[in-house]
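Peer 1: Sequence:
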Amino acid sequence: MGLLILEPKKRGGDDHVPGTAFIGAGGTAASVTTATGDLDPNLKYDLTGDVPIVLVPQPSDDPNDPLVGFPSINGFGCGWGEHVGNADRDGVELAVVGEGLDHVYPLLGFCEFAPSPILAPSTVLFVVHFKRDFTDIALLTGYHLCGVGVAGMLFVASARVYGKRHLYLLGAVLLIVSPLWGGLATSYKSFLWARILQGVAVCPFETLVNISVGEMYCVHQVGKRMALSNFALFGGSFLTPVIVGKVTGELGWQWPFFLISIFSGVLLPLVVLWVPETTYNRPAYHNTTLSNQAHFQHTAVSPRHSFVQRMSVFSGRKTPESPLKLFLRPIVLLFHPAVMWGMLTQGVMIGWTVMIGVVLAAVFLLPPLSFTEVEVGYMYTGAFIGSLAGLAVTGPLADWSAKYFARINKGIYEPEFRLYLVIPQAVTGCLGLYMFGVTASNTAKYGWFWPDFFFGLELMGMTMGAISSALYLVDAYPSIAIETFTCLLLFKNFFSFALTWEAFNWLRDAGTKDLFIYIASVQVAVCSLTLPMYFFGKVVRDLMHRYDILRMTGLDIGKPGGGGLEYGGPSIGMSEVIGEFA
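Under the working numbering, the first residue of the sequence shown carries the number 4, and numbering increases by one thereafter.
Keep in mind the hints are simulated off the structure, nothing from the lab. Using N, Cα and C, we set each Cβ at its ideal position, and we do this for glycine too. Treat each hint with caution, since some may be false.
DMTMM-like, lysine to aspartate or glutamate: derived pairs with alpha carbons at most 20 angstroms apart [what the hints assert, rightly or not]: (1) K448 / E378; (2) K192 / D136; (3) K413 / E10; (4) K413 / D139; (5) K448 / D517; (6) K413 / D53; (7) K516 / E505; (8) K192 / E253; (9) K249 / E378.
For each label pair, taking beta carbons as the anchor points, the in silico distance ranges come out as [stated by the list, open to error]: (10) F539 / L369: 45 to 53 angstroms; (11) A528 / Y449: 34 to 42 angstroms; (12) P272 / R511: 26 to 34 angstroms; (13) K448 / V527: 22 to 30 angstroms; (14) N284 / L254: 46 to 54 angstroms; (15) F310 / L337: 39 to 47 angstroms; (16) V430 / G268: 39 to 47 angstroms.
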């Protein structure tokens, strides 16, 4: 039992638990060497630090492997310069991932998330313009979120079969068309359908960006990159109202939609040229290594894809499985213990930001503050700064903590080390919710600053929780990453939709202070679920490996080309699962 993480029962044979990996991670040099003191010639290492770190997963020798490197659009390697190699190629610098991708993915997330909160500062304006009540206007965002959720179910199957590039391209095109439709809409019904289509448009970026980042980096490198991608998603969401309020006040409510369409048009060439396919069927023996005695086969090297091949929308089927089976997989995984924890940790806090948006729209526009839509938009500055602070703390902390805890755990990395990030989430997020309710309920006394400050504190916690849950699920269950992120997408969007349906009624009946005391107390309970997840997470990984609910329901997928899309395990029945706990 390392660092209070409970070990599953030993049963003899291969007791390795998926997700557990030996990386050395700053221990002594002897911890990553053979008995003779040399680096194992069968393993690849990160050689940038004082002590080599075993790469997990192990990059193949295939130049088309995302871990090896993407060529740039001019045919030359464009690595970000981390030295990786194996013992017989010491000092060789491999391009681990294209430099352009490091910038394009966050830029896409930042810009393409603008449609979701675009109505936040202008609620009263739309009530007057469309002659609808507050709930109907809130549902314009609610149905937009439903569009994201429903599209996610369809896109996960498509991403499994054909990869992700075609979905990024589809989303980029729809983000030109759908905001243009919204800006030109003259009726509530037309505007509603435009909002739903905007939800479909943002879905590929919300669902797949974190997965693509996880496919391009090894476990000790992915933390700060995923922090950056999540900041781009959430930062873009909360910087948008700041800009939209001012643009609406100066040019009218249509122009924020027109500007999104224009900027999406500018980004489209970047998506075409700089977002290649990252799906790669990695052989199972490259996925993990538990000890420095592990040996890996060397795969045959295929030629690097040509420029034309890299620019193609589709690069062939990635799995022979039925799209219907792939469509159903996320539904089953909704009952996976780790996925349920991730949905609550990430999705509930995101839902509370919807409630804060309701308060900003309904309370701050009224006396004593009597804000305009421009001033309500400015209130989201605190949220943006909070998400930026969350990135500043979580980005460096995520990778440092993973290597630190692996070092004191004798070089063995456990995905549960990512869960320490929930501690600062609980402190900042819950405090932000409690105090936002107190200060926003009495703006005559506290003014606008303190509610905005605690809104930012809540966003800081939300960013930390989102990064923690994403990192944990990618590290612990990489073979079902697409489906797990789809589950997160479904929960947070439909949960937020439900909140928009009742938000104004709850605010009217309970009042701001009492409502947020209830909300913050629920969040404390959600954060406390991380304790059993930390202690029993490895046991859960072992159980889900041996008693695979996808295999039990006939939804497991094969291993095309010798790849390992699923962790193998015995075929079992429900009676054996019950017997496990008897």
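Peer 1: Now look at each hint and say whether the structure bears it out.
Peer 2: Hint check results:
no., hint, in the structure
1, K448 / E378, "holds (18 angstroms)"
2, K192 / D136, "holds (14 angstroms)"
3, K413 / E10, "holds (15 angstroms)"
4, K413 / D139, "violated (57 angstroms)"
5, K448 / D517, "holds (17 angstroms)"
6, K413 / D53, "holds (17 angstroms)"
7, K516 / E505, "holds (17 angstroms)"
8, K192 / E253, "violated (26 angstroms)"
9, K249 / E378, "holds (8 angstroms)"
10, F539 / L369: 45 to 53 angstroms, "holds (48 angstroms)"
11, A528 / Y449: 34 to 42 angstroms, "violated (27 angstroms)"
12, P272 / R511: 26 to 34 angstroms, "violated (48 angstroms)"
13, K448 / V527: 22 to 30 angstroms, "holds (26 angstroms)"
14, N284 / L254: 46 to 54 angstroms, "holds (49 angstroms)"
15, F310 / L337: 39 to 47 angstroms, "holds (41 angstroms)"
16, V430 / G268: 39 to 47 angstroms, "holds (42 angstroms)"
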